[in-house]
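Number of protein chains: 2
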Amino acid sequence: MAKLETKSVLDIAKEAKVASRSLVSLTTKVKNEALLEMAAALNDNKTAILTANEDDMSTAREQGINESLLDRLELSADRIDAMSAALRELVMLSDPVGEVVAGWKLPNGLLIKKTRVPLGVVGVIYEARPNVTVDAAGLALKSGNAVILRGGSLAFKSDLALTEIISAAAVRAGIPAGAIQSLPSADRESVHELMKMRGYLDLLVPRGGPGLIKMVTENASVPVLWAGAGNCHIYLHADADYDMAERITINAKVQRPSVCNAAETLLIHKDIAEKFLPRIVDSLEQAGVTVFGCPITKRLCSEVETATETDWRTEYLDLKMAVRVVDSLDKAIEHINTYGTLHSEAIITNDYAVAKKFTEAIDAAAVYVNASTRFTDGGQFGMGAEIGISTQKLHARGPMGLTALTSTKYIIEGDGQIRD
Amino acid sequence: MAKLETKSVLDIAKEAKVASRSLVSLTTKVKNEALLEMAAALNDNKTAILTANEDDMSTAREQGINESLLDRLELSADRIDAMSAALRELVMLSDPVGEVVAGWKLPNGLLIKKTRVPLGVVGVIYEARPNVTVDAAGLALKSGNAVILRGGSLAFKSDLALTEIISAAAVRAGIPAGAIQSLPSADRESVHELMKMRGYLDLLVPRGGPGLIKMVTENASVPVLWAGAGNCHIYLHADADYDMAERITINAKVQRPSVCNAAETLLIHKDIAEKFLPRIVDSLEQAGVTVFGCPITKRLCSEVETATETDWRTEYLDLKMAVRVVDSLDKAIEHINTYGTLHSEAIITNDYAVAKKFTEAIDAAAVYVNASTRFTDGGQFGMGAEIGISTQKLHARGPMGLTALTSTKYIIEGDGQIRD
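Protein sequences, first through last, are from chains A and B.
Counting in this note's numbering, the first sequence runs from 6 upward without gaps.
Counting in this note's numbering, the second sequence runs from 6 upward without gaps.
Hints in this document: simulated from the structure, not taken from any laboratory.
These numbers were taken from a predicted model, which means no experiment stands behind them.
Worth double-checking, as some hints may not be accurate.
Which copy is meant is left open, so a pair is good if it fits within one copy or across any two.
As the list claims (entries may be wrong) - 20 Å max Cα-Cα, derived PhoX-like pairs, lysine-lysine:
{"#": "1", "residue 1": "Lys362", "residue 2": "Lys22"}
{"#": "2", "residue 1": "Lys22", "residue 2": "Lys12"}
{"#": "3", "residue 1": "Lys219", "residue 2": "Lys201"}
{"#": "4", "residue 1": "Lys325", "residue 2": "Lys303"}
{"#": "5", "residue 1": "Lys22", "residue 2": "Lys275"}
One chain only, chain A, in its complex shape (with noise of 0.2 Å):
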């Protein structure tokens, strides 16, 4: 560790640049044994990391860090068996380095294909949570990548004990020494000097909260490649099924309400406030959930906290849900194009026209008719592995697989062409 500390986020970079340009063509056959190897060096020495990860658990309690904080920086002898296990599965995805993407001959002979190949050096910054550590590090291995880790402070010595270890198998399964680094400083100053390694970093992903990726997209001078909080609704179209609006409304907020694809406000058509927001206010409180509604809603259920303007914003991320009513699809669209986060956004009707232009009205990484938000996941659209699920639109939209850590490049192969 004494060595690390003395490196330079520059130097670091640097290292991370020119091991890259060896995993450009390393065969998925050695990514692979180095996964596998990784993996194993994980089992190998749980207690190394179990001794650094108390140390930040005990630094985390005596700063009073909170309990579901804490639960997320713990280590155990299972969760880095869970972490094995996520390099073994990554060893399963297809290497999307090399596909070729798109070839075709020009009129003067020019053979032109264009291949996918890793992006190079790609930064992730990201909480207190030392499974990432393991899981980023195999994604970037996997497409190619040089990586540069650097998880929340509490997390430091866990993290650091995590990257020598893996960053060690890999060299010894012939990965170039510089390809899996973490920063050696927990000091915020070392996360503003790597969003500036412009010429360096090919990318940089930040996972977090609002706040981080806030501070990377103002600060950043490389590209950025953010996953973004997520703001979902559900919508009851006039028509809707009232036990598939229920199912899915409970589903979307209550079967996992800590996620971003968990729905955070329903919007309900007035011609149906009457018959449905009762019984539906209904369930979704012996849900536990608590409801705060619009004057409509207020006025039919008069249980209901008041929903403010706040609300509608809000991602609750908890048992809570904002309601509203609304006079049409037009307002429903309007409401939601305002309010979202351009992550998961359902309707729930059996009107073509309706689920038409809500599909394509609705400016979305994911838009679901007849189906819960919560199915927005790299895992459940059949990607395998997700890097995160990213809410901009360039690069990358919605799940990320392994595709998003990867660029195109031309290949042209001529006989002597020349241009006119």
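Once you have looked at the hints, place chain B on chain A.
Chain B in isolation, oriented as in the chain A frame:
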């Protein structure tokens, strides 16, 4: 014009966002009719355009602007015809919006369709070249985006006249007002405001020199796609055919030296330096090229200038070329990956393994074997009009056609699915 000048950048961005909501679902037919109406309006309003341009030209002359910039700024009846023609050519290109990029069915019956959609609102910042105003507006409209234009301040009146004419024509053809706007102020502050319009601007495209791109990437909080500089190389391997090597080198340097895909440095393997270099340097000089050589080049061709570190980094955009003798393929690759700008790179060789290694190891948007770098171009690649040539790795790399102005969206059709 008076009305426009009272609008804030935020007002413009908001109007563009509103317009973008309707643009999403416009048919190709309506967009094409608008392009034709815009083309006709340019022809019908030549006098007004030329008057505004004369104002700009006389101000520019008073400021002592050099001839080449004046030439780019100046409009004529012929140049207005060319802008019209460019709009009509866009009609012939296929509309990227609505393409189903991929689709599959999940085990639970959910049908997922990944469909191509407009980005939303695109900002374009460019130099004092009024033709870019029309090109960018046409490309944005054809791909279903609202656009906010900001040309160089020298062209302020020309750009405003053009924007008013084509915007009014588009509205007559059924395009929402606000779809085509330009910033109503020539000051730098409005550009800075534009690049902070997060939540309104889905993409900002800086078209211009390294200064503009640096300013935008360092200050923008919206996603940026840049068309960067091209410090392109030709590498002659030890087995290169002399005639092909000379033909391609001369073409890449001389055919149009002012563009980004022109070659700037010639690398040559040491084994053929003595035989090739005097002849090829002589040919370059006969074509009017000033050569800057490494020490070995200087020994072999005494008349050349001395190349310094700066020469390896310079995009001359002029009849100048740096020449360096390298010891090996690896040294050539190292030089290019160190000094190149990820644009276009070429090798001349007949060795299969050497060509394979070069194309794999070189980190650039376009890598050529036995062809001139001058082919990196949307038109040459058969894409039709291009927005520019991306030297970044995210979203779009190399020549950018209409699809670079699009994103995708997942549309998921269910019949009541919830997540377990």
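(message) Going through the numbered hints above, which ones does this structure break? Give me the numbers in ascending order.
(response) 5
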